[in-house]
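J.: We have chain A already, so just place chain B on it with the hints.
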Amino acid sequence: MVPVNLHRIRTLVLAAILLLIPGISAFSQSDTLADTENCLLCHRYPNMGRYDEFGKKRVYYLNAEKYALSVHGKLMCKNCHIGLDTIPHTEVKKVDCATKCHIKEPSTNLEFSHANMIKKYEASVHGRGTPDNLKPSPEDLPTCKYCHDNRMHNPFDGQWGLSRALFTETLARCKGCHTKDRWAQNFYTHITHRMRKRRPPAEIIKLCTSCHEDRDKMARHGLESIETFKDTFHWIEIKYGVKNAPDCISCHVPLGYATHDIRPRSDPISPINDSNRIQTCSNQGGVQACHPGAKAKFATGRVHAYGTKAQMLAGRQVDEFENLSRDLILERAELDISEDEIFHFRVLQFIKLMYKILIGATIMFMALHQWLDFLSAKRKRKKPHHGR
Amino acid sequence: MADNELALDAEAPAAPEAISGERYFVRLNYSERAQHMIFAGCFFILVITGFMLKLPEGFLAFFGQAGELLFRYRRLLHRIAGTLMILVGGYHIYYLLCKAAGRRWLMDMLPRLEDLKDMRDNLLYYLNIKEEPPEFDRFCYKHKIEYGALIAGTTIMALTGLILWTQYQWSKFVVDIAALVHGMEAILASLAIMIWHFYEIHFRPHKFPLDNLWITGLISEAEMEEEYGRHYKKIMNDPELQKIYIKEKSDRTPKSYVLNHK
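Protein sequence lines correspond, in order, to chains A and B.
Heads up: the first sequence runs through residues 1 to 388, numbered per this note's numbering.
Heads up: the second sequence runs through residues 1 to 262, numbered per this note's numbering.
Next up, chain A with everything else stripped away, as it sits in the complex (with noise of 0.2 angstroms):
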């Protein structure tokens, strides 16, 4: 039964269309998508949108082909899109991932939902907190889409090598028995997904910066910058294009470890905590050990070059925060860097120097004293010349 609200003629002329739903339906439905809400009766339209009230740009098109390909491309729209029983949609509320989509999750056949990820994610550096004990500026950290943004980045390639071959023919073994092609093919890459890195490193390093580089934000949580990483040589590699460079997630969330669950470095359970270094590095039992070699010594070091906390503590003068800002990066520096790592970061700064220093006058003493060569020679040339 379609809601009719007899007060607002606009909705009573568009129940009336939807109450023609089982005729137009037939021409509406995509070859791909099972539309059986209908939903594409409006939202097959490409310039259906409009700009909201920040005037952002709200696109409510849908390309159903597109949509049954992704990882959602089973579930109904009103699944996620909870409120939409009414048209136009005035109660729409934002999609919540931990919404149980009526799908039966296959090993507990429970309905199947996001909420484990996300009372993980929580519990993580990236989470909010509890309603009644919000992390300060909440609105920073980042949600559910803002890294599933469900682009198509890196779709047959990486550890495997070029496996869209791999994908054909490993899929058509599948196909043998399980004879319907959609389902075997969701299957399958809903299998092979995880067993793909979606983004290549240079994705995952500008999906980190889009925060970790931003001065301001991180000073508001007592963080730096992570600029530090474009010293190292892991960027250098991912510079170059190498598959296989080590991005962020590469020692942030290792071999063993979920994404969801990333952990301050002073937690026994972090990956980049001392005790766990070792591992890390070397990644042994990984498809790629990394520093096969690497001891206590060597993979407790710092990564990172130093940045704002090392330059801090060791009384420098910094770019200007906020009060309140610096005190909290102080306060994470004195917990986060040692004494130790403080006398690294001084001998390497004067070491630093004393190369400027040394290079700066060696060379300008080389071109003086050769400049001066060249003046006394062309004096020469001009003399009479005076024979052996």
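Worth flagging that the hints you see were computed from the coordinates, not collected in a lab.
Treat the hints with care, since some could be wrong.
[As the list claims (entries may be wrong)] Lysine-lysine pairs mimicking DSSO-like chemistry, simulated, CA-CA at most 27 angstroms apart:
| # | chain 1 | residue 1 | chain 2 | residue 2 |
| --- | --- | --- | --- | --- |
| 1 | B | K233 | A | K380 |
| 2 | A | K378 | B | K144 |
| 3 | B | K54 | A | K352 |
| 4 | B | K233 | B | K144 |
| 5 | A | K180 | A | K78 |
| 6 | A | K56 | A | K78 |
| 7 | B | K117 | A | K383 |
Computed from a predicted model, the values in this text were never measured in an experiment.
T.: Showing chain B alone in chain A's frame:
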């Protein structure tokens, strides 16, 4: 005294072929030239493959898929050239200590007090305060500074390079220092070679565009007398030294050499 710069001018003397019994002086013997060539080749490869690490991200995007391959060969080449350079350096030490020519080189290269005097006098000459430059021995202060810098630089680069190569054996702090020093020393060495050495062999007015001493090992008598007067006199007064350093012009003297050193 012949004026070498003027040798290229219109009043240049007759073609060298016309002069009989012309003498050349040996500056670099066969082994020294070979050492120099291998060392210089390695140096170029090391500079290129090393500073490739500093290329900006946008520039590297140009290589696209080839970037990974480029990176692998960069590393391999850098290590091959580095190893070869260390081997040549090791051979050079052997040469200095165990070969007669090497020991002569070492003795002539040792810094002496008169080098300081030479430097002062030469700078005064550059500043047009003195009329004539000082007379130099086989190696003048310029050579000794450069040679000293080369020894120190190669040692530092070799040590830090080996630390980086065997990084697991060291603490990260040592690796960080090695990486920093390797990079800074590379800047110093490259700039020094470009400004000091390239000027000496390419841009000094009578050397332009390239001194071919590194191939022939020889210089003309006129240049010898002009540039290394003290050594020239020593040779002329000592028949033993004459056997070592003087080479009569023969048909085997490379033609390119003759052309360059009219």
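J.: The structure should be examined with respect to each hint, and the outcome stated for every one.
T.: Okay, the hints, checked on the actual structure:
Of the supplied pair hints, the one linking K233/B and K380/A holds, its CA atoms being roughly 23 angstroms apart against a limit of 27 angstroms. The straight-line distance between the Cα atoms of K378/A and K144/B is roughly 25 angstroms, inside the 27 angstroms bound, and the hint therefore holds. Proposed proximity of K54/B and K352/A is supported: the alpha carbons are some 17 angstroms apart, at most 27 angstroms. About 20 angstroms separates the Cα atoms of K233/B and K144/B, which keeps this hinted pair within 27 angstroms; it holds.
With a C-alpha separation of about 26 angstroms, the suggested pairing of K180/A with K78/A holds against the 27 angstroms cut-off. For a cut-off of 27 angstroms, the pair hint linking K56/A to K78/A stands: about 24 angstroms separates their Cα positions. With a C-alpha separation of about 26 angstroms, the suggested pairing of K117/B with K383/A holds against the 27 angstroms cut-off.
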